[in-house]
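Whole structure, please, built from the sequences with the hints as guidance.
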Amino acid sequence: MDFLQIIILIFAGLAAGFINTVAGGGSLLTLPVLIFMGLPPSVANGTNRIALVLQNIMGVAGFKSKGVFVFPYSLWVGLSALLGAILGAHFSVQIKGELFNQILAVVMVAVVLITVFNPIKNPDATLERLGAKHQWIGVVVFFFIGIYGGFIQAGVGFLILGALTFINKISLVKANSIKVFVVLTYTISALVVFILEGSINWIYGLTLALGNMAGAWIASRWSVKKGDKWIRWFMIVMVIAMAIKLWISS
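To convert, count from 1 in the sequence shown and add 21; that's this note's numbering.
If you're looking for bench data, these hints aren't it; they were derived computationally from the structure. It is possible that part of the hints are untrue.
Below 25 Å or equal to it, Euclidean Cα-Cα: the simulated BS3-like pairs (lysine-lysine) are [said to hold, decoys possible]:
no. : residue 1 : residue 2
1   : K154      : K117
2   : K87       : K190
3   : K190      : K85
Quick list of simulated restraints, FRET-style, between CB atoms [stated by the list, open to error]:
no. : residue 1 : residue 2 : range
4   : L217      : E119      : 17 to 25 Å
5   : L227      : F57       : 15 to 23 Å
6   : L151      : I28       : 37 to 45 Å
7   : F92       : L148      : 17 to 25 Å
8   : I27       : I116      : 27 to 35 Å
9   : Q123      : F165      : 17 to 25 Å
10  : L148      : I27       : 18 to 26 Å
11  : H111      : V160      : 20 to 28 Å
12  : V160      : G88       : 32 to 40 Å
13  : L151      : Q26       : 44 to 52 Å
Keep in mind the model is a prediction, meaning the values are calculated, not measured. Beta carbons: idealized from backbone N, C-alpha and C, even for Gly.
Structure follows, in structure tokens:
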């Protein structure tokens, strides 16, 4: 790996760590970057998980330092997503690289549409629903979110925020704190699967992680609304360009 690749990975990780913690979709930048650097799609997918684990450790620490943590609900949905992620990761390493690239390209376009129309609203905190009924609904939903997260990860933040605001009426600040904990929990299990399958490039992954960790720490201590507009448009332009490149090269 040369110096230019190191710089690209660190800056891609920095942007992804920030975007992932504020909302979601950072892997839509890092996955294509890893693929364009020559990693097979399954290896790029596994390598990206190293950065995600370390990124979300910093994100959880950042939110806790601000006194934002929802316990024990974070633990229940995290464990549920963990079980789903094991299934998703197993499926991910089995599919062909060309098909993975095409699926990723479609997911990227879908996330762009979600980003443009921004359907996730900040609910009234007085309507928060964390009774037994809504917690159980959340646990079931997060099992399926875990399957998706274990499979491809990209854009999973939007699914998590959507589920928490729709099912539990949790504010975006609290929802983001739950999100980073859930992603950390299930990504550890998915990473184990990729390690056992030999789908990891440790040098690329740890380099990328340096940027992800810095971006997550900054974002976790930053307002969830400040700068939201420019982040969305930056991600839209980058994701569309990478989606076209992925589809053409498949």
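Just tell me: holds or violated, for the beta carbon distance of L151 and Q26 against 44 to 52 Å? holds (45 Å)
Confirm or reject the claim that L217 and E119 have a C-beta distance inside 17 to 25 Å. holds (24 Å)
H111 paired with V160, Cβ distance criterion 20 to 28 Å: Given a distance of about 21 Å, which is inside 20 to 28 Å, the answer is holds.
I want to verify a distance hint. Is the separation of the beta carbons of I27 and I116 within 27 to 35 Å? For I27 and I116 the Cβ distance comes to about 30 Å; the hint holds.
If you draw a straight line from the CA of K87 to the CA of K190, is it 25 Å or shorter? Distance ~21 Å between K87 and K190 Cα, so the pair holds.
Next pair to validate is K154 with K117; report whether the Cα-Cα distance is within 25 Å. The given pair, whose Cα atoms are some 40 Å apart, is violated under the 25 Å limit.
Note whether the CB distance of L151 and I28 lies within 37 to 45 Å or breaks it. This hint holds: roughly 44 Å between Cβ atoms.
If you check the beta carbons of F92 and L148, does the distance land in 17 to 25 Å? holds (20 Å)
So the hint says 18 to 26 Å: do the beta-carbon atoms of L148 and I27 match that? About 47 Å separates the Cβ atoms of L148 and I27, which means 18 to 26 Å is violated.
Can you let me know if the beta-carbon spacing of V160 and G88 is within 32 to 40 Å? violated (25 Å)
Agreement of K190 and K85 with the hint, judged by alpha carbon distance not exceeding 25 Å: Judged against 25 Å, a Cα distance of about 21 Å means the pair holds.
Can the suggested window of 15 to 23 Å be confirmed for the beta-carbon pair L227 and F57? Holds: the Cβ-Cβ distance is about 19 Å, inside 15 to 23 Å.
Checked against the numbered hints above, the structure breaks hints 1, 10, 12 and satisfies the rest.
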